[in-house]
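Asker: Below, each chain spelled out in residue letters.
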Amino acid sequence: GENVEQHPSTLSVQEGDSAVIKCTYSDSASNYFPWYKQELGKRPQLIIDIRSNVGEKKDQRIAVTLNKTAKHFSLHITETQPEDSAVYFCAASSGAGSYQLTFGKGTKLSVIP
Amino acid sequence: NAGVTQTPKFRILKIGQSMTLQCAQDMNHNYMYWYRQDPGMGLKLIYYSVGAGITDKGEVPNGYNVSRSTTEDFPLRLELAAPSQTSVYFCASSQAWDRNYTFGSGTRLTVV
Chain A
429 GENVEQHPST LSVQEGDSAV IKCTYSDSAS NYFPWYKQEL GKRPQLIIDI
479 RSNVGEKKDQ RIAVTLNKTA KHFSLHITET QPEDSAVYFC AASSGAGSYQ
529 LTFGKGTKLS VIP
Chain B
108 NAGVTQTPKF RILKIGQSMT LQCAQDMNHN YMYWYRQDPG MGLKLIYYSV
158 GAGITDKGEV PNGYNVSRST TEDFPLRLEL AAPSQTSVYF CASSQAWDRN
208 YTFGSGTRLT VV
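So the sequences go chain by chain: A and B.
Residue numbers 429 to 541, in the numbering used here, belong to the letters of the first sequence in order.
Residue numbers 108 to 219, in the numbering used here, belong to the letters of the second sequence in order.
Extracted from the complex, chain A is given alone in its bound form:
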């Protein structure tokens, strides 16, 4: 099955700096890669996703890049704000014909004012 590795497990940045979270996946047939944000005590919520036919996608301060050859994708948050503090999860589809998302273990991002 699919295996998703996520790094780092914790990340602290100063407000206004950029944050980058990286994920690798194992199944070359995977074609859908969402990112979820989970604030403390809350449910996960989708913040951005990318499909395998696209190399980069941007939504305001958030961007995701995908390198299919290397099987890795990254989340970039620019001009970080205290409300960006949360746990971020990457995920990858489990390949053709599967209906499962495999999640990474999460990155706890702390934005220091």
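Do not take every clue at face value.
What the hints assert, rightly or not - Partial list, derived from the structure: chain B residues whose beta carbon lies under 8 Å from chain A:
id, residue
1, LEU152
2, VAL157
3, ASN207
These aren't lab readings, by the way, just hints derived from the structure by calculation.
In this text, all values refer to a predicted model and were calculated from it rather than measured experimentally.
Heads up, the beta-carbon is just placed ideally off N, CA and C, and yes, glycines get one too.
Model the placement of chain B on the given structure of chain A, informed by the hints.
Answerer: Relative to the frame of chain A, chain B by itself:
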């Protein structure tokens, strides 16, 4: 529009007891999922369903059962609870497998 509703929010079970975690969605989504979340371990898929009457195992199905008699409801049954089942359980639904998952608010279960 309530989205995905999970009950109960908290529960303490004794070893060997059984219980059902309820999940209902009002978005007419065909796809529904049960995940468990353990500290530092991300979300692990227990079971999923692609429509009424169809269910399949995920990554960690042992000790659990599900049913999907209607589009709206996807209950998760724990038989003979064990301490290893102490976790936060999230139900989710989506319009398609590669679309936004809407998560419920979670059930925090402790088995003692």
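Asker: Please go over all the hints and tell whether each is borne out by the structure.
Answerer: Going through the hints against the structure:
1. Below 8 Å, beta-carbon pairs count as interface contacts, and B:LEU152 has one with chain A at about 6 Å; its hint therefore holds.
2. A cut of 8 Å between beta carbons decides the hint on B:VAL157: the least distance to chain A is about 6 Å, and the hint holds.
3. Because the smallest distance between the Cβ of B:ASN207 and any Cβ of chain A comes to about 5 Å, under 8 Å, the interface hint for this residue holds.
Every hint from the earlier list agrees with this structure, and none is contradicted.
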